[in-house]
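Q: Single-letter residue listing:
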Amino acid sequence: MTPPYWIYGISCLWLFLLYTPLFELVVNSFRDPLSLWSWHWYHLLFQDLEIFKCLLNSLKIALASATLATIVGALFGFIWMQQFHEKQKWHDFKYQLSQIILIPQVIPDIVMGLGFMLLFNGIYVHTGWRLSGIMPTILAHATVGLGFVGLLLKHRLAEFDFRLEEAALDLGARPHSVFISIVLPLLMPTLLMGWLFVFIISLDDVILASFTSGPGSSTLPQYLLSSLRLGITPMMNALGSFILCIMTLVTCMGCMVYRAFFMHHNKKL
Amino acid sequence: MIRIYALNGLLGPDGYLIGTFLSPVLGIKNFFLLGNQGTVILGMIYAYAPFMAYPIYLALMKIPIQFVEAAVDLGARHYNVFWHIIFPLSLSGLATGCSMVFVSSFCDGVIPEILGDDKTLVMGRVILHTFFQERNWPKSCALALLSLTALLIPWLCAYICRRPHERIT
Numbered sequence: 019m020t021p022p023y024w025i026y027g028i029s030c031l032w033l034f035l036l037y038t039p040l041f042e043l044v045v046n047s048f049r050d051p052l053s054l055w056s057w058h059w060y061h062l063l064f065q066d067l068e069i070f071k072c073l074l075n076s077l078k079i080a081l082a083s084a085t086l087a088t089i090v091g092a093l094f095g096f097i098w099m100q101q102f103h104e105k106q107k108w109h110d111f112k113y114q115l116s117q118i119i120l121i122p123q124v125i126p127d128i129v130m131g132l133g134f135m136l137l138f139n140g141i142y143v144h145t146g147w148r149l150s151g152i153m154p155t156i157l158a159h160a161t162v163g164l165g166f167v168g169l170l171l172k173h174r175l176a177e178f179d180f181r182l183e184e185a186a187l188d189l190g191a192r193p194h195s196v197f198i199s200i201v202l203p204l205l206m207p208t209l210l211m212g213w214l215f216v217f218i219i220s221l222d223d224v225i226l227a228s229f230t231s232g233p234g235s236s237t238l239p240q241y242l243l244s245s246l247r248l249g250i251t252p253m254m255n256a257l258g259s260f261i262l263c264i265m266t267l268v269t270c271m272g273c274m275v276y277r278a279f280f281m282h283h284n285k286k287l
Numbered sequence: 058m059i060r061i062y063a064l065n066g067l068l069g070p071d072g073y074l075i076g077t078f079l080s081p082v083l084g085i086k087n088f089f090l091l092g093n094q095g096t097v098i099l100g101m102i103y104a105y106a107p108f109m110a111y112p113i114y115l116a117l118m119k120i121p122i123q124f125v126e127a128a129v130d131l132g133a134r135h136y137n138v139f140w141h142i143i144f145p146l147s148l149s150g151l152a153t154g155c156s157m158v159f160v161s162s163f164c165d166g167v168i169p170e171i172l173g174d175d176k177t178l179v180m181g182r183v184i185l186h187t188f189f190q191e192r193n194w195p196k197s198c199a200l201a202l203l204s205l206t207a208l209l210i211p212w213l214c215a216y217i218c219r220r221p222h223e224r225i226t
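Chains as they are written, first to last, in this note's numbering: chain A, 19 to 287; chain B, 58 to 226.
Rather than coming from a laboratory, the hints here were simulated on the basis of the structure. Predicted model only: the values in this text are computed from it and were never measured. Hints are not guaranteed to be accurate.
[Claimed, not checked] Think about it this way: if two alpha-carbon atoms lie no more than 25 Å apart in a straight line, the pair counts; the simulated SDA-like pairs of lysine to any residue are:
#1 Lys172/A x Gly92/B
#2 Lys176/B x Arg247/A
#3 Lys172/A x Ile143/B
#4 Lys172/A x Phe102/A
#5 Lys196/B x Gly133/A
#6 Lys176/B x Ile120/B
#7 Lys71/A x Leu81/A
#8 Lys119/B x Phe178/A
#9 Lys107/A x Arg181/A
#10 Lys71/A x Val268/A
#11 Lys196/B x Leu137/A
#12 Lys119/B x Phe166/A
#13 Lys172/A x Lys119/B
#14 Lys78/A x Ile261/A
#15 Lys119/B x Gly232/A
#16 Lys172/A x Tyr114/B
#17 Lys196/B x Gly140/A
#18 Lys112/A x Ile97/A
#19 Lys78/A x Gly232/A
#20 Lys71/A x Arg60/B
#21 Lys172/A x Asp110/A
#22 Lys119/B x Arg174/A
#23 Lys71/A x Ile264/A
#24 Lys196/B x Ser231/A
#25 Lys105/A x Ala92/A
#26 Lys172/A x Ala152/B
#27 Lys172/A x Pro193/A
#28 Lys119/B x Met206/A
#29 Lys112/A x Phe166/A
#30 Lys112/A x Arg60/B
#31 Lys107/A x Trp212/B
#32 Lys196/B x Thr177/B
#33 Lys176/B x Leu203/B
Using the sequences plus the hints, can you model the full thing?
A: The following block contains the structure:
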């Protein structure tokens, strides 16, 4: 059964619409009024210390929040496995409590950011303890990213072969060693995908960062937005292409790791 | 963010669409694409299409291929197979995607700010403005809560669209 031809037409149009602006961004970043092609804007970009600082902040936040979200997500995976064995129903309070990590992804960023801002402010007012630097942003990104990791894990666990776990339990393994040596390796591809997802979300996010970041810890998208407000310079094209390059590299590396280590586990994915 | 910035460059007055195509070739002057509601909607479609694609993909993966084969065996045409089998079965994914995109675009303050002008005020922009410029924190919290209540509408729709056995998951 072959789809009709106009569907191919619409798909090609959509792909064109999706990638033309990015292509234009990259081409524009190499343009110069004097000579047609040059690295001029990239030279300016790498001489700017503030951009470098923002880039460093962004990368630190993305790495830390992705790792934090993945670790907590794996722990939630453990809880969900237990619940499957206990056959908990949806009206069970413990079940509902464990589903709570799925909530942040349906709450808009702006509400989450507002909440985090007020929370950190309230902690400061009542205890005098202030989370400084990039820490609040890491926590906010990890919380929002946890929802996505949880969603991926949930879909993976829905098609998980629980007989493997039962076999290990029958052979006398303790629940935590079953989780570490059987379940965790099987969930690893999903966790890696979740890590990549949170990394890219965190690198791209501007609203949460603008609510939670203090002075001196602003991220690269924030810098991009604030410079957009002041007026567009062609250096921003170079910056955009550079971020694009980082994201593509990270995604490709993730996919390569995925193919190299996990392809033989499940051919289905 | 970067994609919206790229779209801004493409549609802006010096971008490729107007700067090198429309005004020199077709001779159109004083024509602006940025700063109206249509461009903001286009930008949101552009930014949130992946959120729509992923749930639909997951829903399509769940449909057994035997259903389609059986329909083709019984003599159904392409559009019949699509309308009577694939579309109803992927309705739950469609509902999830719709609600995700609705939630994301309802409260987005950045895309209307980059692609729109002063007249394209949306909830997210108002909240950001109240918080950062007016510094009226209680008012911005009230606005945020108000927008959260508005988000119940697509969730109720998605809940109704799901088949009964899928509802509590």
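Q: When the structure is checked against the list of hints, which entries are broken? Sort them ascending.
A: 1, 6, 15, 30
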